[in-house]
Amino acid sequence: MAEIRAEIAANVWQVVVEEGQMVAEGDEICILESMKMEIPVVTEVPGVVRELHIVPEQTVQEGDLLAIIDES
Amino acid sequence: MSDQKHDWGPLVGDLKARRDRALGMGGPELVERQRSMGKLTVRERLDLLLDPGTWVEYGMLADHMDAGLGDRFLAADGVVTGVGGIDGRPVAVAAYDFTVMAGSMGSVGEDKIARMRAHAVRQRIPMVWLLDSAGARIQSTSGSSFAGAGALFREQVAMSGVVPMVAAMLGHCAAGTAYIPALADFVPMVKGTSSMALGGRHLVKAAVGEDVTEEEMGGSAVHTKVSGVADLEVADDAECLQIVRTYLSYFPAHNGERPPRRDTEDPIDRRVEQLYDLVPTAPRRAYDMRKVVAAIVDDGDVFWMKPEWAKNLVTGFARVGGQPVGIVANQPMVLGGALDVNAADKAARFVWLCDAFNIPLVFLHDVPGFIVGSAVEKQGIIRHGAKMLFAVSEATVPKISIVLRKSYGAGYFVMNGLAYEADYIVAWPTAEIAVMGPDGAVNIIHRRQLAAIEDDDERTAKRLELAEEIRANIDPYVAAGHAQVDDVIDPAETRAAIARGLRITADKRVDRPPRKHGVLPV
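Here the protein sequences line up with chains A and B, keeping their order.
With numbering that gives the first Met the number 0, the residue at position 65 of the first sequence is 64, and numbering never jumps.
With numbering that gives the first Met the number 0, the residue at position 420 of the second sequence is 419, and numbering never jumps.
Just so you know, these hints were derived from the structure itself, not from any lab.
Ideal placement from N, C-alpha and C gives every residue a C-beta, glycine not left out.
Possibly wrong hints are sitting among the right ones.
Said to hold, decoys possible - Computed beta-carbon distance windows for the label pairs:
| id | chain 1 | residue 1 | chain 2 | residue 2 | range |
| --- | --- | --- | --- | --- | --- |
| 1 | A | MET21 | B | GLY480 | 51 to 57 Å |
| 2 | B | ALA281 | A | ARG49 | 29 to 35 Å |
| 3 | A | VAL54 | B | GLN273 | 34 to 40 Å |
| 4 | A | GLY19 | B | GLU467 | 39 to 45 Å |
| 5 | A | GLN20 | B | LEU277 | 25 to 31 Å |
| 6 | A | GLN20 | B | GLY52 | 56 to 62 Å |
Claimed, not checked - Straight-line alpha carbon distances no greater than 25 Å define the calculated DSS-like cross-link-like pairs of lysine-lysine that follow:
| id | chain 1 | residue 1 | chain 2 | residue 2 |
| --- | --- | --- | --- | --- |
| 7 | B | LYS224 | B | LYS290 |
| 8 | B | LYS377 | B | LYS224 |
| 9 | B | LYS377 | A | LYS35 |
| 10 | B | LYS190 | B | LYS310 |
| 11 | B | LYS461 | A | LYS35 |
| 12 | B | LYS310 | B | LYS377 |
| 13 | A | LYS35 | B | LYS290 |
| 14 | A | LYS35 | B | LYS310 |
| 15 | B | LYS507 | B | LYS461 |
What the hints assert, rightly or not - One side of the interface only, derived from the structure: several residues of chain B facing chain A at Cβ under 8 Å:
| id | residue |
| --- | --- |
| 16 | ALA150 |
| 17 | PRO331 |
| 18 | LEU334 |
| 19 | GLY335 |
| 20 | ILE370 |
| 21 | GLY372 |
| 22 | GLY436 |
| 23 | ALA440 |
Required output: the full structure, derived from the provided sequences and hints.
Written out as structure tokens, the structure is:
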């Protein structure tokens with residue numbers, strides 16, 4: 000199980016995956032928007048998206064949980 | 000022998016036996032244990048580090064000479080010292096031997112290393128430590144004779160910036176042998192078998208009650224990804240020693256020399272058309288700056304420093320037209336390339352390193368600025384950001400800047416904007432240099448006007464309209480019109496532009512008012 004957390008205070012711009020979806024290492028989970036930039040958040044492990052804790056337009060703080068991946 | 004005039008046989012034989020005993024290190028059992036941990040022996044390491052046939056050893060026949068340790072034999076007193084060649088240039092080496100009393104620092108061994116430090120400074124040659132040592136030899140130094148100890152660190156500080164210093168981490172190192180890398184320029188760590196910590200596992204348990212392994216506390220994952228104390232994680236001893244050789248290939252032997260050029264077949268005026276594919280023209284879209292750097296430099300070769308730490312900024316050594324350069328570049332893939340406390344530290348350290356050894360700097364700008372907000376203020380972003388400002392301002396090596404896309408606010412300054420004695424600064428057609436982006440500026444400049452509009456949609460529309468007015472003034476041709484950038488270039492000409500910049504700054508001189516040193520905002 001791998002937790003994906005926000006590395007910066009940001010707005011959630013797009014959520015790219017759905018719960019239950021298979022992801023490969025390096026796949027985008029969501030795209031945040033902060034400091035005038037689109038900031039892609041990628042998974043460092045392959046697996047299945049078990050939980051998504053974000054919806055578009057939501058604000059996240061540094062360290063907030065974005066998603067949980069069940070490592071395969 | 001018998002037909003010779005004098006009987007030297009027993010004397011020469013005794014000498015040979017003594018040498019063989021030293022070469023046996025801590026004895027077969029401990030040598031076997033060293034190998035079973037996946038580590039090479041100290042002698043094997045020296046063979047891989049140095050050019051064949053160049054090794055001149057100092058103090059092979061040393062022993063502990065400590066009455067308290069009785070008649071126990073400690074080969075070379077636990078550390079092998081001498082001078083050998085790397086790519087035909089001499090380096091001074093101190094290599095701790097873990098098979099001899101865990102590589103602990105004995106007084107004779109430390110005297111040997113002091114001699115190497117002095118030699119390195121007198122000869123103006125790099126110093127390399129191969130660290131595999133438990134730290135102080137507590138059995139010998141547990142009393143208050145410690146009051147006289149510690150010269151090794153002061154001497155190392157005095158060497159800093161005079162000769163290159165490398166500390167390769169090849170074992171679990173605590174206390175004394177953790178401060179040696181802290182004061183060195185470059186610290187590679189072997190994954191799994193090396194660590195560094197101020198207190199070893201047993202001391203930590205006794206002093207603060209924490210149960211933790213060496214690996215968890217100070218392994219390569221901690222120091223290359225979290226703390227930023229080390230520079231590179233490598234797979235094994237052999238890779239580590241090769242990495243030390245490669246690192247030194249970018250460096251002069253001392254601060255009075257230029258770094259060595261290396262011939263390349265890569266044409267100096269090669270058009271880098273991959274950049275059209277790699278970099279989106281849309282300013283908010285991310286891309287991998289590492290690929291941009293590799294596309295520009297000679298043969299795609301980059302020696303990344305601290306690649307797994309503060310990844311929002313990339314630093315590394317490369318060559319352009321054979322000339323070694325230090326690259327400092329924002330990484331839009333991570334945190335949008337915005338600067339935080341660690342990125343500022345990473346950049347400052349790297350700039351000081353290059354400046355100390357006459358390695359020209361190339362800055363690739365794509366930076367939305369320093370991260371703002373309460374979280375980073377608590378981390379001291381002003382103090383850390385000032386470090387980068389300080390280092391870039393102080394650097395007197397040739398400084399070349401390429402503004403790829405955004406370069407906003409203090410981000411533009413610390414990336415070596417015009418005012419920072421940039422010797423050659425050019426912009427891509429996508430460049431946006433300004434105190435801040437239009438979306439931020441509009442809310443400040445037109446705050447009252449916008450607040451007066453009651454309808455939300457109308458206010459949003461007005462905000463976008465006013466932002467576009469501001470954006471029209473954020474244009475590389477405005478900067479070029481004021482001659483605040485030296486040229487606007489086709490991205491494909493970036494390599495040629497850097498080469499031009501290096502050519503015209505080769506004899507740069509900067510004179511500053513004399514001082515002991517600045518007051519560093521650390």
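* Per the CB criterion, is ALA150/B less than 8 Å away from chain A? -> Hint violated; ALA150/B Cβ to chain A Cβ min 42 Å, cut 8 Å.
* Distance restraint between LYS224/B and LYS290/B, which requires alpha-carbon spacing of 25 Å or less -> 21 Å, holds
* Taking 8 Å as the limit, does the beta-carbon of PRO331/B come near enough to a beta-carbon in chain A? -> For PRO331/B, the interface hint holds, since the closest Cβ of chain A sits about 7 Å away, which is under 8 Å.
* Distance restraint between LYS310/B and LYS377/B, which requires alpha-carbon spacing of 25 Å or less -> 21 Å, holds
* To do: Compare the distance between the alpha carbons of LYS507/B and LYS461/B with 25 Å, and conclude whether the hinted pair is satisfied.
  => Roughly 50 Å between the alpha carbons, so the hint for LYS507/B and LYS461/B is violated.
* Asked: When you take the CB atoms of ALA281/B and ARG49/A, is the distance between them in 29 to 35 Å?
  -> 33 Å, holds
* Asked: If you take the shortest Cβ to Cβ gap from GLY335/B to chain A, is it below 8 Å?
  -> Holds, about 3 Å.
* Taking 8 Å as the limit, does the beta-carbon of ILE370/B come near enough to a beta-carbon in chain A? -> 6 Å, holds
* Okay, MET21/A versus GLY480/B on CB: inside 51 to 57 Å? -> About 53 Å separates the Cβ atoms of MET21/A and GLY480/B, which means 51 to 57 Å holds.
* Is 56 to 62 Å right for how far apart the beta carbons of GLN20/A and GLY52/B are? -> Check passed, 60 Å falls within 56 to 62 Å.
* Would the pair LYS461/B and LYS35/A pass a check requiring their Cα atoms to be no farther apart than 25 Å? -> 19 Å, holds
* For the hint on GLY436/B, just tell me whether its beta-carbon gets within less than 8 Å of chain A. => 5 Å, holds
Hints 15, 16 and 23 from the list above are not met by this structure, while the remaining hints are.
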